[in-house]
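K.L.:
Model the full assembly from the supplied sequences, consistent with the hints where possible.
Here the protein sequences line up with chains A and B, keeping their order. Under this note's numbering, residues 230 to 710 are what the first sequence spells out, in order. Under this note's numbering, residues 5 to 132 are what the second sequence spells out, in order.
There could be a bad hint or two in this list.
[As the list claims (entries may be wrong)] Listing some non-contacts, in silico: residues in chain B with all C-beta distances to chain A over 10 Å:
1. R17
2. H50
3. V63
4. R92
5. Y100
6. Q106
7. R113
[Stated by the list, open to error] Taking beta-carbon pairs under 8 Å as the criterion, some of the chain A residues facing chain B (in silico):
8. A270
9. P273
10. S274
11. L534
12. G541
13. Q544
14. M579
Calculated directly from the structure, the hints in this document are not laboratory data. Quick caveat, the model's predicted, so the values are computed rather than measured. Positions of the beta carbon are idealized from the N, C-alpha and C atoms, including for glycine.
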Amino acid sequence: MKTDILVIGSGAGGALTAALLAEQGFGVTMLEEGPRLIPAAFTPSITEMMRKMYRKGGITPIIGRPNIALAEGRCVGGGTEINSAIYRRAPEDVIERWQKDFDIKDFSIGSLLPLYKRIEKDISVTPASPNIASEILKAGADKLGWKGLYAPRAQKDCVDANMCATGCPTGAKQSMSVTYIPRALNAGAKLLPDCKAVRIETKNKRGIGIFARDSKNDSPKPFFIKADYIFVCGGSIQTPGLLQRSNIKRNIGKSFCLHPTIKVAAKFKEELNLHEKAFPTYQVKEFSPAISFGGAVFSPSYAALVLKNINGNFQELMRYWRHIALYYTMAVSSGKGKITQLPLTKDSVMARYSLSRGDRKNISEGVAKLSELLLTAGAEEVYPDIHGHPPIRTIKECRYYNDNLIPFDRANIYTIHIFSSCPMGEIKEKCAVDSFGKIHEFENIYLNDASVLPDAPGVNPQGSIMAIAMRNAEQFIANYK
Amino acid sequence: MPSYPEIQNSDVRQISEYTTLFIEAEIRDMDIFLRLPCLAMLKVFHFLPIITYGRPYKVLTSDKQKEYVSKWEDSKFRVIRDFIKLFRYLTILSFYDHPLVQKAIGVDRGRYREDSIFRRLELIKAIG
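P.N.:
Encoded structure:
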């Protein structure tokens, strides 16, 4: 099989890359490891959809001290099919830092702004519908004088199905499968779902093509796809995994960043019934970039996972599940993790990150401040997601963690934002790809996903991933012509 | 079986089987560097009570099982705490996600359908 452009991965970076290149007349083939699912296949069952849409059934932890829970999307559309669709532009100071610290050419808020605007139009980035969980967070923040904002979402006519994490059944969430992938296909691109990229074949500093195999039937026999240009868009963990399997290793997988996060549940006097509402979008930014707060997706299962940890009667508390809201406090990682393709395995890729002292301090302070905000907003009790932790009922109890660390050996830390495993820029000592995503030593292999973000942006990353992917794809088109 | 919600006897077996199948499938799909330690810990978990209680975990009384699990949750060894945390996570997630449990607590899973069936059909036609 032969193609002009092979795009590996169909998430936020890959789908956009495929669409733009196909629309310019290139012969594009998209390879996606996961299945293509139609909206009729989506159900509200988390356990069912984890097995269909998530890598390894949703169990893909980042190993470290402590281990950090992570769920990766593995389907056509990638992570955009299971995320909240909250969309943020990278802050101006982050863009300036990236340009300066990584020496990225032609990179500024001025150059990215038109791209952000085009993407926002393409995927209908609009203010989200009202949500009581957001109103609670805002009420508490307002009383404390803390600033925040309503983050917009990529959505059209959301009906509050509350199935963002299990696949939007109405297409309201503007994930890649309803936006850029149809565009790519309409422009003549081919999509090969259930195909895993095993290894990139290279010769004389050029990628010749890739060996791939059928991932649905776990066939061991690979087939070869010859390509003139290869865009690797498999995400922050799978992209370095593939490159390392292909013996492309310089600065690959050595600078992994994330937003470590912990949930805090709160019980209110009145019924909230948040299982019937879509994702809350209010975010408190008073302590950004180090710490921010927001609302977490709600279901009785997710509530139970937090409440089971409290030092008390979990079963009795679950009777009040309709009175419960879930929130998160998120930090920006100050350390660097590693991504390693494990030797002697077919495709096992291990992500490692251990919380730094700074991370621990920020998360602890985040728990303190979020708990205080929720009590201020009227919560009767607050429950940080820490095994054996008693309910927090007073401001004094909250403030304990302003100066003390939470017990991280008992805390359930997770993340939904990962990036920077193959950073872009002209500083060859630390950058894996150049200013426009081309791997430094290779003529025709590009990365165009979250792995090229220089470091943690401190906000939901989808907007930045797509803006950079658009920028890099258009540069490729300009160079080609 | 968690005490909330109250589950009818006729449904207990179905929910238990679903939870067991879900956990087995999750373990099967784990990366090898997780799966092998997990399977090893599972064997230890099941047979270690023979030393303390004289019989394996599966045939302990409900109270003894809770006591035993609690000891693992509070273990000073991180690997033991992480193992039991994972299993509790999978058990509770699958239990409260089961349609019969959700029905018992009053969740309407088909809620969105009335609002959106027309739009879904249009969407399917549009993207194929």
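K.L.:
Indicate, hint by hint, whether the structure satisfies it.
P.N.:
Against the structure, the hints come out as follows:
1. R17: holds (18 Å)
2. H50: With a cut-off of 10 Å, H50 (chain B) remains clear of chain A, as the shortest Cβ separation is near 20 Å.
3. V63: holds (24 Å)
4. R92: violated (7 Å)
5. Y100: Label violated. Min Cβ-Cβ 4 Å, cutoff 10 Å.
6. Q106: The claim breaks: Q106 (chain B) does not keep its Cβ more than 10 Å from every Cβ of chain A (closest is about 7 Å).
7. R113: violated (5 Å)
8. A270: violated (10 Å)
9. P273: Interface hint status for P273 (chain A): holds (5 Å vs cutoff 8 Å).
10. S274: Holds: closest Cβ of chain B sits about 6 Å from S274 (chain A), inside 8 Å.
11. L534: Where the cut-off is 8 Å and the nearest Cβ of chain B is about 6 Å from L534 (chain A), the hint holds.
12. G541: Violated - the Cβ of G541 (chain A) stays beyond 8 Å from chain B, reaching only about 14 Å at its closest.
13. Q544: Because about 5 Å separates Q544 (chain A) from the closest Cβ in chain B, which is inside the 8 Å limit, the hint holds.
14. M579: Since the shortest Cβ distance to chain B is 6 Å, the answer is holds.
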